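Asker: Chains as they are written, first to last, in this note's numbering: chain A, 3 to 347; chain B, 3 to 347; chain C, 3 to 347; chain D, 3 to 347.
Just so you know, these hints were derived from the structure itself, not from any lab.
Predicted model, so just to flag it, every value in this text is computed and none were measured.
Check the hints yourself; a few may be wrong.
For lysine-lysine, the following DSS-like pairs were computed, each having C-alpha atoms within a straight-line distance of at most 27 angstroms [stated by the list, open to error]:
id	chain 1	residue 1	chain 2	residue 2
1	B	K218	C	K275
2	D	K221	A	K221
3	D	K301	B	K301
4	A	K218	D	K221
5	B	K126	C	K126
6	B	K126	D	K221
Listed here are the chains, written in short residue letters.
Protein chains: 4
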Amino acid sequence: MRFASDNSGPVHPDVMKALSEANEGFALPYGNEDITARAVAAVRETFEAPEASVHFVTTGTAANALALATLTRSFDAIFCTPEAHIEEDECNAPEFFTGGAKLTLIESHNALMDARVLEGAIAKLGSVHGPQRGAVSITQVTERGTLYSLDQIAEIAHIADHAHMPLHLDGARFANACNVLGCTAAEMSWKAGVDAVSFGGTKNGLMGVEAVVMFKPEKAWQFELRRKRGGHLMSKNRYLAAQMEAYLSDGLWLDMAALSNAAAHKLATGLKKIQRVRFDYPPQANMLFVAFPRADHMKLHRDGAQYACYGSLEGPPDEMISARLVCDWSMPDHHIKAFLDHFAV
Amino acid sequence: MRFASDNSGPVHPDVMKALSEANEGFALPYGNEDITARAVAAVRETFEAPEASVHFVTTGTAANALALATLTRSFDAIFCTPEAHIEEDECNAPEFFTGGAKLTLIESHNALMDARVLEGAIAKLGSVHGPQRGAVSITQVTERGTLYSLDQIAEIAHIADHAHMPLHLDGARFANACNVLGCTAAEMSWKAGVDAVSFGGTKNGLMGVEAVVMFKPEKAWQFELRRKRGGHLMSKNRYLAAQMEAYLSDGLWLDMAALSNAAAHKLATGLKKIQRVRFDYPPQANMLFVAFPRADHMKLHRDGAQYACYGSLEGPPDEMISARLVCDWSMPDHHIKAFLDHFAV
Amino acid sequence: MRFASDNSGPVHPDVMKALSEANEGFALPYGNEDITARAVAAVRETFEAPEASVHFVTTGTAANALALATLTRSFDAIFCTPEAHIEEDECNAPEFFTGGAKLTLIESHNALMDARVLEGAIAKLGSVHGPQRGAVSITQVTERGTLYSLDQIAEIAHIADHAHMPLHLDGARFANACNVLGCTAAEMSWKAGVDAVSFGGTKNGLMGVEAVVMFKPEKAWQFELRRKRGGHLMSKNRYLAAQMEAYLSDGLWLDMAALSNAAAHKLATGLKKIQRVRFDYPPQANMLFVAFPRADHMKLHRDGAQYACYGSLEGPPDEMISARLVCDWSMPDHHIKAFLDHFAV
Amino acid sequence: MRFASDNSGPVHPDVMKALSEANEGFALPYGNEDITARAVAAVRETFEAPEASVHFVTTGTAANALALATLTRSFDAIFCTPEAHIEEDECNAPEFFTGGAKLTLIESHNALMDARVLEGAIAKLGSVHGPQRGAVSITQVTERGTLYSLDQIAEIAHIADHAHMPLHLDGARFANACNVLGCTAAEMSWKAGVDAVSFGGTKNGLMGVEAVVMFKPEKAWQFELRRKRGGHLMSKNRYLAAQMEAYLSDGLWLDMAALSNAAAHKLATGLKKIQRVRFDYPPQANMLFVAFPRADHMKLHRDGAQYACYGSLEGPPDEMISARLVCDWSMPDHHIKAFLDHFAV
């Protein structure tokens with residue numbers, strides 16, 4: 003019962019194989035070799051964006067912070083939701099990399115940014131006393147497992163563009179979103195008005211690779227400098243590139259997302275049948291946010307179940323406590339069955 | 003003829019094997035698993051420092067910048083040589099991570115910091131108008147392939163300590179130095195007065211892992227926070243840890259250093275016999291700095307030799323041009339022979 | 003009708019006189035002279051804090067940002083209200099000076115921080131993924147002209163202290179608050195648990211001086227360094243000190259606050275009698291937040307009245323539009339009368 | 003005998019008078035009033051640069067750091083001499099305001115930057131591993147009291163421009179240089195290729211005002227934002243502007259520089275006649291760098307002479323010790339006479 007995170011499972015065997023194959027002889031460092039060139043081409047092809055600038059890093063925090071730093075200035079505001087990973091889970095990395103830009107929180111519903119509130123917040127800026135218009139950042143799949151429709155993304159993009167601000171998309175679970183929406187990478191990014199994507203791989207079967215994709219390549223060199231300055235230019239870049247190349251070969255990235263989404267769907271279907279389980283957020287991808295009585299948590303905990311539990315195990319057994327359950331591509335059926343069985347009694 | 007860098011060769015097969023073995027089932031992210039615990043223990047054992055704080059990152063720049071940021075304050079001076087990697091090759095990463103500390107350059111001889119000049123420079127600081135006493139950072143093996151003796155390290159450590167400044171050692175080629183000096187990791191670090199080490203693995207057969215080792219663990223938590231904030235906390239930390247564990251098993255780290263040092267020694271021995279080759283720095287480890295006529299460079303270039311060449315290929319054929327030749331653990335004999343053969347004619 | 007701000011009126015004649023008297027002969031720069039020593043002593047005496055560290059700067063933004071930077075670390079959260087000057091009106095200065103600390107907004111009522119919400123927000127922090135516990139910052143008089151009681155300050159101080167966080171008080175209108183509450187500077191600061199105060203003078207009759215007062219002087223030297231690094235160490239410090247000395251002589255600071263409070267009270271009393279005027283916030287000190295119909299705004303605007311108007315002058319004449327009216331020590335009666343007369347018709 | 007600094011004397015009476023006159027009634031804050039408009043116009047007229055952007059701040063460190071931050075990026079190098087105020091005397095302010103740009107020191111002769119060395123240092127930059135080409139900054143009058151000829155400035159400007167880098171001039175003693183060279187402000191700035199000037203007033207009779215003048219005004223708004231973010235936007239800006247307006251009225255700025263230069267010349271002339279006085283730098287403006295025996299220092303010290311002494315008062319009485327002697331506009335003849343008389347015995 004390993005529902006702690008989609009970064010707790012193993013790397014896909016095809017990716018491991020690609021790493022082995024990349025481990026042959028000498029290759030120039032810092033990405034000046036063939037594997038990197040091929041991986042960059044694969045990302046561009048996947049996004050149908052032959053001119054896009056593509057940069058590999060090892061963590062999502064680095065991808066987000068470097069992208070935002072490249073897109074904004076230190077005296078700017080970056081608009082995001084209160085649930086945003088950049089706000090909640092990056093220990094001030096965006097503030098650090100941007101040199102002190104301010105994350106300005108926009109009200110959300112089911113973790114989806116409210117476009118009207120965004121519009122109002124943007125309108126307030128302008129004087130020398132407050133921060134300036136920097137960028138808008140949204141997350142797809144959101145941090146609560148919900149999804150923007152393509153129209154919703156386009157609406158936010160329109161508002162951002164109207165204010166001459168770029169739209170960044172934190173796509174740590176980009177593949178899961180494409181799988182659910184049945185859309186292409188291009189449709190969920192530049193065709194909807196997105197300017198830059200943190201295209202995640204680590205939560206979807208890679209060892210540790212994310213690609214930052216900027217559809218307006220004018221700032222590519224600046225990104226390279228910021229990446230180096232952040233200690234994120236890998237000398238042996240071929241090993242990042244090999245992972246990404248395998249990821250995008252024969253649709254592996256979408257296949258793995260389909261697996262994790264299906265596993266979460268199966269778990270959700272089972273949980274919906276249990277009366278004492280409440281869904282805090284509508285389950286749409288590979289993360290479920292549910293609440294159930296403390297007594298169940300205690301039992302699960304005793305049996306070694308791993309998942310994020312948002313409350314103390316001590317207290318009245320009937321009290322509802324929220325939890326997050328995440329499935330990765332490798333989630334075995336019997337984990338799901340075992341989890342559901344706990345509620346059967 | 004692949005002498006461009008010691009980060010251009012393959013990862014050692016034992017390390018690849020360890021990665022495969024680590025790729026089993028679920029493991030909690032962010033280092034909360036057994037492999038990380040074992041790798042940390044192995045580093046502590048290697049350094050005979052059971053209390054040391056140990057942190058893994060993927061690049062040497064990250065290791066250096068995070069260590070220095072943890073040890074100093076934004077209004078401090080960090081003393082280093084003009085050749086230091088932190089000064090020359092990190093695109094202002096130390097300034098970035100420290101929040102604007104100043105790298106103050108101390109005269110060097112053969113890239114070794116002059117202890118007397120350091121002492122004088124420290125003495126000048128103190129008023130509110132200039133930077134304060136922050137840290138001293140030296141590199142072993144230096145960026146020019148030379149080595150401090152243990153006594154020389156101890157002398158600098160003594161000066162730093164007298165001014166209440168920590169001594170940081172950039173050990174990107176720490177293993178090579180231990181191999182040459184025939185000393186232990188402890189002798190070349192805390193026993194000589196070093197407070198923090200960037201213990202390199204990437205240039206010595208790993209895929210991309212460095213360990214920051216701080217012998218006074220009071221700032222361990224601060225380092226963790228700075229690492230996260232820098233986007234350098236890997237969610238799948240087990241894959242860094244597995245490399246480090248393999249590295250320190252059965253002396254693999256020293257074995258690989260012995261191989262690269264021996265290869266460079268062989269190359270140096272051959273080059274010394276060639277009259278038109280001049281050594282810019284005494285060859286002591288796995289990097290050679292030599293100068294030879296442009297005509298030789300042109301011929302080598304034509305035949306695909308890879309190495310850093312510090313001059314233009316256009317100009318008088320007799321002019322001496324400097325070069326850097328680096329050997330890694332995997333350097334095949336026939337590359338060395340081929341290189342030397344170019345001078346035979 | 004000059005209600006734009008309490009920084010738009012003239013400097014008090016006694017302060018101008020002190021500047022003239024300070025302008026005699028030579029004095030060592032950077033505060034190494036008698037006037038600075040006397041002014042520091044006067045601040046300590048006013049706050050009944052003989053050990054406090056006292057530092058003069060020229061702007062409130064500098065005072066706040068330097069104080070917060072000295073009290074927190076770059077990976078911390080600073081808790082404040084959504085209305086806080088540090089959040090709204092300093093163009094990211096706190097983020098800049100702290101090296102990227104995050105302003106975390108706590109719900110407020112009448113611009114007063116909700117102590118219970120603060121407590122809950124603090125409790126959520128702790129993991130390496132988010133910011134750490136840094137400091138709490140409140141403003142007295144608040145940015146909406148309201149006041150904390152001494153008990154309310156003590157309650158917040160207690161919560162902050164329990165979490166080992168210092169409490170900073172932005173006292174741009176500190177004197178006005180003391181005048182309203184009828185308390186001493188000590189009672190409204192360290193006796194209530196405040197650790198550091200930005201003690202304002204500029205909005206209360208000085209040319210441009212604020213004093214940062216830290217009751218735990220351990221970080222005094224760090225503050226000095228940060229002030230210099232921020233370009234805020236005045237070489238001719240005697241001219242700041244002379245203003246502060248005059249300010250604290252014979253209760254001038256409280257006398258001026260009494261004048262501005264009384265003027266605002268008179269204005270408020272008049273406005274309360276006008277049915278179409280609504281008070282957005284209870285008027286407690288020298289700032290009023292009121293709403294009245296657009297038609298009145300248009301008339302006032304035509305006649306040259308100066309005040310912050312939070313809406314467009316175009317639209318339905320009946321629509322209520324909010325405004326801020328501020329009185330300084332020099333506010334002439336006839337301005338108040340003229341303003342009220344506009345509503346008489 | 004007050005030779006400690008040109009910021010230790012009084013403010014010129016005309017400037018005090020202007021402050022008094024500015025202290026009339028209400029004026030909109032943050033520079034939105036007539037005095038600021040007039041002072042900006044006066045600076046533009048003085049520099050014959052009707053389009054220049056002009057910004058007032060209170061310290062030279064702020065002027066330099068804000069100008070450099072506006073002109074460069076965090077991953078850049080800023081070239082300056084080892085003696086530069088920005089390197090030696092600003093406690094890392096340039097690194098702070100630029101977000102971590104690196105000050106790269108260029109060899110100097112008599113504190114004048116060596117143009118050839120600069121050219122070579124620029125040529126070395128370019129790869130992603132090191133900092134990029136940011137800006138060149140020189141000081142006129144230099145920190146050792148020497149001067150660049152207009153041709154020398156133009157030569158450096160040409161080199162900077164060729165590398166697409168702006169040239170910044172730290173003009174803390176700009177007026178003194180104009181007086182010595184007999185040139186206009188325009189000739190010593192944009193006509194010689196300078197892009198931005200820190201135009202000093204504080205060391206030349208003002209209370210505390212410097213103007214940053216940028217001849218290419220595209221970045222004016224960015225400067226305003228950085229100034230606010232740095233806490234350097236004065237709400238009562240009229241009091242800075244009034245000083246600057248008086249400074250530029252009827253040539254007061256040049257008259258005061260002429261006085262301080264003449265005083266230093268008189269002092270130098272006297273000192274040249276004393277055999278045991280050695281000039282460390284050629285005396286050209288209002289600062290002298292001389293060495294003389296410790297015995298003289300001891301006597302002067304006993305009699306209360308104030309000046310920077312670069313050595314200990316304890317030691318052999320014959321040993322030569324260096325000193326800096328600075329004259330301001332108000333330097334009385336009898337101080338000079340008294341100083342020289344000490345050597346008469």
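Asker: Against this structure, judge whether each hint is valid.
Answerer: Results for each hint:
Note on K218 (chain B) and K275 (chain C): the hinted pairing is violated, with a Cα-Cα distance of about 69 angstroms set against a maximum of 27 angstroms. Between K221 (chain D) and K221 (chain A), the direct Cα distance comes to roughly 19 angstroms. Compliance with the 27 angstroms bound is thereby established for this hinted pair. Between K301 (chain D) and K301 (chain B) the CA atoms are separated by roughly 71 angstroms; this puts the pair beyond 27 angstroms, and the hint is violated. Between the alpha carbons of K218 (chain A) and K221 (chain D) the distance comes to roughly 23 angstroms, so the proposed pair stays at or under 27 angstroms and holds.
Simply put, K126 (chain B) and K126 (chain C) have alpha-carbon atoms about 46 angstroms apart, too far for the 27 angstroms limit, and the pair is violated. With a C-alpha separation of about 37 angstroms, the suggested pair K126 (chain B) and K221 (chain D) falls outside the 27 angstroms cut-off, and the hint is violated.
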